[in-house]
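Residue numbers (the numbering used here), protein chains in the order written: chain A, 1 to 297; chain B, 1 to 281; chain C, 1 to 345.
Note that these hints are calculated values from the structure, not bench results.
So these bits of chain C aren't anywhere near chain A, every CB distance computed over 12 Å:
| hint | residue |
| --- | --- |
| 1 | K60 |
| 2 | A112 |
| 3 | D146 |
| 4 | G151 |
| 5 | V152 |
| 6 | R268 |
| 7 | Y279 |
| 8 | E298 |
| 9 | A306 |
| 10 | Q307 |
| 11 | F308 |
| 12 | T315 |
| 13 | G332 |
With a Cα cut of at most 30 Å, we get these calculated BS3-like pairs of lysine-lysine:
| hint | chain 1 | residue 1 | chain 2 | residue 2 |
| --- | --- | --- | --- | --- |
| 14 | C | K139 | B | K139 |
| 15 | B | K139 | C | K135 |
| 16 | C | K142 | B | K139 |
| 17 | C | K116 | A | K147 |
| 18 | C | K177 | C | K325 |
| 19 | C | K135 | C | K303 |
Quick reminder that beta carbons are idealized off the backbone N, C-alpha and C, glycines included.
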Amino acid sequence: MSEAALTPSPARPARRAGGARVRGESRLVQAILIAIALVFLLLVLGLPLASVFVEAFRKGWDVYLEGLSDPDALAAVRLTLLVAAIAVPVNVVFGLAAAWCIAKYEFRGKTLLTSLIDLPFSVSPVISGLVYVLLFGAQGWFGPWLKANGVEIIFALPGIVLATIFVTFPFVAREVLPLMQSHGTADEEAALTLGASGWRTFWTITLPNVKWGVLYGVLLCNARAMGEFGAVSVVSGRIRGLTTTMPLHVEILYNEYNTVAAFAVASLLALLALVTLVLKTLLEWRYADHLSANGKH
Amino acid sequence: MQAAASRWRQPSILPGFGLALGVTLTALCLIVLIPLAGLVLKAASIGPAEFIAIARSERTVAALRLSFGAAFLAALVNAIFGMLIAWVLVRYRFPGRRLVDAAVDLPFAMPTAVAGIALAAVYAPNGWVGSLLDPLGVKVAYTPLGVAVALVFIGLPFVVRTVQPVLEEIEPEVEEAAALLGAERLRTVFTVVLPAVFPALITGFVLAFARAVGEYGSVIFIAGNVPMVSEIAPLLIVIRLEQFDYAGAAVVGVLMLLASFLLILLLNLLHGGLRRRYGHV
Amino acid sequence: MTRKRLRRLFDYAMAALALAFCLAVTAGARAQTVELLNVSYDPTRELYRAINAAFAQEWKAKTGKTVTIRQSHGGSGAQARTVIDGLNADVVTLALGGDIDAIAQRTKKIPADWQKRLPNNASPYTSTIVFLVRKGNPKGIKDWGDLAKPGVGVVTPNPKTSGGARWNYLAAWAWAKKANNGDEAKTREYIAALFANVSVLDTGARGATTTFAQRGIGDVLLAWENEAYLVGEEFGAEKFDIVTPSLSILAEPPVSLVDGNVDAKGTREAAQAYLDFLYTPKAQAIIAKHHYRPMKPEAADPKDMAQFKTIDLVTIDKDFGGWTKAQPEHFGDGGTFDQLYKPKR
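This is chain A alone, in the form it adopts within the complex:
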């Protein structure tokens, strides 16, 4: 199996769909297989998504808007945006730096470094919260020192941001890395030989080459950052209107029998997911070649 074949490319229209009869299934088999696939998707994805909106609008628009205009709900929206506004840029800077040194240089320990960057992907979100509690909690390693100096991390914004950065850590790096690798170093070397400075080379050659990958990574990173529940719930302290992000606020409302408001806030998040999907699909259709490492190079 070649590496290229394993390097997935963005969803493309099926070029050979319905192609040569000689290898196709009968119409009946096709219809059955399509039906099975669609029913499965409906059960796993369609119905849950639909239920969010049905439950949210169960009692009509007024109740829906009331649920969203609650000051605590608005505070949760603000906090969620704030957390994403910090976590995403941090991950962009990190992702570009990591991709740059892994893609453009050969050094020992590269595989290990790549694996470590991947690690947060498979670490349970609960653990990503737990580690910060153990580190910065009042009973933790640095807790007493932080307390003495009046620094709040756990149960405050910094803790939530840290946990969010942890869970979204590999997202940008992983999107940009294959692109940078596929472009090689020839362009940058040429620019440097012509006398451009390192930064200038980065801004004019490297970044434009991977910009769609960065955007793509930002999109995914943002979706996860705004939607993270497990990690944030461990470090949040659940102070209504202060340290509850939107997913946590959904849980709180849900536990207050305020189902409509819970699903109203959930519908905002679902909407965010849908917008993310639309943008992502647009990116894939328009810039498929720029996004896929084996596209043109």
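For chain A, the structure is supplied; the task is to place chains B and C on it using the hints.
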């Protein structure tokens, strides 16, 4: 410094290696490695005997078995249906195909807590699907089966998005040749297509599995959270934490961390590094 | 995309970052008004929403200052843990004394004799444990003994993390001990049979109520009296019946100042006034309205008082030797709950 550096890395005229590596390592250490080291230290602080006692306690074993068992089952379901969905999307044309194609990524973008309450609403005995299954004696929500359903939701795109591009790359000529040589359609699929996509399928399976093992947000809403029955390992961590049992939480955490690390290692062994998996893959 | 536009994009990102930090800083700095944080247990959400509004009004009238009270709710044990881990609570209002004891022991932010500082064991109200069953009581559940019968689905939160569940457990224990004339082995047998019927064990009282009322799981919910009434209000009284067992436990959810935190934040005055307010007739009336048994029944609306049935109540101090004894004996690692809870596979 330069001379020392060049021993472990090949020289390059590109500048900025030091800066980029510095930023990378600093972020990696501050955000990931030091906190994880803290976890390991905490778990180690209770001594090996105690560690093994907690690790082998009935409840820990049951929680880990559920987390891994349900994740395995979910990944298996995803492998089968993900393969089917990828096949249908690549090979057939039907109205709304592009929409379905885009919709497969929904679990990537959907917050897990939202997925959890939505799945619970649909699969509870009084929900849309649950009310149909209940007369048949099948209970999904609040049982281990519910855990698996949530994990299927979480893992689905991983399989579809790893298999799909490989299916697209398969040259039709091979299949045509097999057909011309008189092979039945089913046999062609199993002897020509399946072997070609198998590595991708395995990768997708492991990805879905790795993601599912640690999943928390979507599961707690739909699992019954009964100790030893429907209590997943991440929830056990939270419960231990809530009982002031920091070391107990850390032990379960370390065990899961170990599993995560092994899975990532396995993935890297599978094909020397993962690629673009989080999105469309 | 040109280099300039990329740079501008980068500038925007940096500006957003800067803005974010400014917001964070200003959020911390706007301390013109007093802000209190009340860390409470699960079912008190509605109660404290009403109390907080009343107190803010009174505080404004009395001192001219504005006070905002932030709320955090969860399983009682879980909430105590977050305070121990550093959540900056001014007051804790938890489900049972044992959880506040834990904060006192582990952080030294609360003096050991905290329960003596306010009247009535620092409990402005009490409550008890009752059964909530489906309308018409199809399984015929009348008393604790019926819960252990085969085929009855019981819903209770997890005694390890939920305060309410610990009261549930002890009430069941007290009944069984009395019914078996103090025979410990038979009591244990009963508890084991009861918990063998438990199908869902949520971490907090709220989760359990949602499971029972909203998701339709189980035949009987062991619930706080106040929670049982609230379910009727929220989901329709026509769907449920409340069954009062022959014997239950006097549940005393206590409150305390977190001295270490209020002194660091300079909020002692307001926090103390807040706790004192809970004992005023005004607050006591609100308490009764939310189905908690007020300490001063005379302050409550007699209509609200009519809802409370007289039940034979055991107490934690008399019958179980207080939380310092009951907590490790029943709910510690290897305690009776761990010994007796053997879920079916």
